[in-house]
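Enquirer: So you can see what is in the structure, the chains are spelled out below.
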Amino acid sequence: MPEALTGLGVSPGRTAGPLYRMAAPPTLPDRVPTVTDREAEIALATKALSYVATVLDERASQVDGTAAEVLSTEAMMAADKTLADAVAAAVGEGRPAAWAITDAVAAQQETFASLGGYFAERAADLADIRDRAVAHLLDEPMPGLPAPGEPYVLAADDLSPADTALLDPASVLAIVTRRGGPTSHTAILARARGLPAVVGCADILSVTDGTAVSVDGTTGQVGPVDPAEVEAIRAEAAKEKERLASLTGPGRTADGHDVPLLLNVGGVGDLTEDAEGVGLFRTEFLFLDRTSAPGVDEQQRVYTELFAALGERKIVVRTLDAGADKPLPFLGLAEEDNPALGVRGLRVARVDRSVLTDQLTAIAGAAAATEAEVWVMAPMVATPAEAAEFAEAVRAAGLPVAGAMVEVPAAAMRANRLLEVVDFVSIGTNDLSQYTMAADRMNGDLADLLDPWQPAVLELVFNCADAGRAVGKSVGICGEAAGDPLLALVFAGMGITSLSMSAASVPAVRAALAAHTLAECERLAAVALDAPDAATARQRVADGAHT
Amino acid sequence: MPSREVVVGSRIGLHGRPAAIVVRTAAAQPVTVRISTGDRPPVDASSIIAVLSLGAKGGDTVTIEAEGDGADEALDALAEILGRDLDAETADA
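These protein sequence lines are chains F and S, in that order. Following UniProt numbering, the numbering of the first sequence begins with 1 at its first residue and continues without gaps. Following UniProt numbering, the numbering of the second sequence begins with 1 at its first residue and continues without gaps.
Honestly, the hints are just simulated from the structure, not real lab data. Keep in mind that a hint or two might mislead.
If you only want the chain F side, here are some residues facing chain S, beta carbon under 8 angstroms, derived [to be verified]:
| no. | residue |
| --- | --- |
| 1 | E69 |
| 2 | M76 |
| 3 | M77 |
| 4 | L83 |
| 5 | Q108 |
| 6 | T111 |
| 7 | L115 |
| 8 | Y118 |
| 9 | R290 |
Virtual Cβ for every residue (Gly too), placed ideally from N, Cα, C.
Build the full structure now, drawing on both the sequences and the hints.
Expert: Have a look at this one:
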């Protein structure tokens, strides 16, 4: 590894250690061997599949809860007779064991894919079973997490939910993946566990196993280091983490300009004691896996519990963000070719208004029963007319503060008009990046386009901040970008009034703000907006900030 | 052949934990229990892949059938399991 690599830093923190790659899935040789003894070949295939089932069952017994269930179901699939029959049939047509398993899995994956939703996701389990069985048959390294016997930096193409369930935080120092964007499964898991992570790091899998590297989950830098320095880097990072954790108090610049640091939460469990409030309460969890919408009473009970836990602090509730991309059976929405651009978020109210009005009634009931300062906002607003209609519904429910999320470029460009009809806006940088750059946020090959440092995205954020400043209304950020300490400085400098992020990101952002005056932040914002591209923007701001 | 029609009680449908429980219950029976949806040919209820391939959602009607000694008891056991909301019974649901 002659020089440093750069990816997208998605979970803050710095560390160093030997890098080990998750073994890549085996590939079948071009030349297909001839099968002479079909019975023996079927026996080989059966043995490989039952070996895989045994390994998965063993792994299931090492974990508990959902992870154990996922793994033992996968083990059942490996030992399944429907699969075994299909494999035997393929061998019967002259295919050798590894090829027969590959064929049978491909056919079954097609069936699952055609069912959609949760069923389609099981295709990944089948792929894992195939890779393990084929690796076993071809005597290749077993795909899966490495076990070098010392703490290591994990490098992978991308991580599957099954991999992440087994990831041991005591032995993994950091995660670096070749694919994956800022909202990938890897990024979310790493932040939840407080592990530094870099995604979209193109050449990471060409690094030899055992190479000592340093990883910076803030800047996205992964570079070679002298193995003798590893301990020192880790000690320094631990000291830095301790220093950050020792800083407390509200988000504030060095010269006393307040930038409240709020939390993105899905429920009471995500709250922390010292949080200044909640900047994004995702209400989806209440609605997932339901065949009918939860009633007003049930919703109100859940909201009341969360609001009560906040005392008098602020909470911004986002109304249900579902639709064609996150289907809920009771909405009865048609399948769409292009769900990210379809009926989702507030647009669902065009089809069925009752879900929104019931939710607002429940929120209003919970707000009345508690002391929390409750704000409500709608996802996927595109026009001031939509925002106005939503605000009217919010006020009709008896809730005083109504806002709109800015995720659609059209809304960002006309932020001044939005703010004529709502009390605040909150920018969802993940979707705003996806729609501004026309790059699917789940497509790891487009991670560079989804970089929130893209000047076009920053310009839209600035336009919103400017519109807010002109009328004295709040303009917050509630996308993952708010948790990047350097971007937080840029946002503060633009005039963004609050930043909402996962709890793990708060200490570093708090420290960065405390080390800079508002004037310095304003200068950094100008530097970022003036940069020709995302990488240069990040580099120039990093050079200009005190760290 | 003895058969029953059952409405799937698990709101999430026959995947994940509910599917695993149904398959384990079917595998524990002395006779082969087959399951089908709509007009599609019945499949072995003790095969997880076959059960997942039904794509049965919560509220869907499925038909189960079995033949031989203990068929009725086997169908009773399966019908009882299929009719329950198995996912709601998990601690972390």
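Enquirer: Does each hint fit the structure? Answer for all of them.
Expert: The hints, checked one at a time:
1. Annotation: E69(F) was flagged as interfacial toward chain S, and the flag holds, the nearest CB pair being 6 angstroms apart, inside 8 angstroms.
2. A hinted interface residue such as M76(F) counts as satisfied when its beta carbon comes closer than 8 angstroms to some beta carbon of chain S; here the least separation is about 4 angstroms, so the hint holds.
3. Interface restraint check for M77(F): the shortest CB-CB distance to chain S comes to about 5 angstroms, inside 8 angstroms, so the restraint holds.
4. Look at L83(F): its Cβ gets to within about 5 angstroms of chain S, closer than 8 angstroms, so that hint holds up.
5. Restraint check, Q108(F) versus chain S: the minimum CB separation of about 6 angstroms is within 8 angstroms; hint holds.
6. Because the beta carbon of T111(F) sits about 5 angstroms from the nearest beta carbon in chain S, less than 8 angstroms, this interface hint is met.
7. Hint on L115(F) holds. Least Cβ distance to chain S is approximately 4 angstroms, under the 8 angstroms limit.
8. A distance limit of 8 angstroms between C-beta atoms decides the matter here; for Y118(F) the minimum to chain S is near 5 angstroms, and the interface restraint holds.
9. The interface hint given for R290(F) is met, as the beta carbon of that residue sits about 6 angstroms from the closest beta carbon of chain S, less than 8 angstroms.
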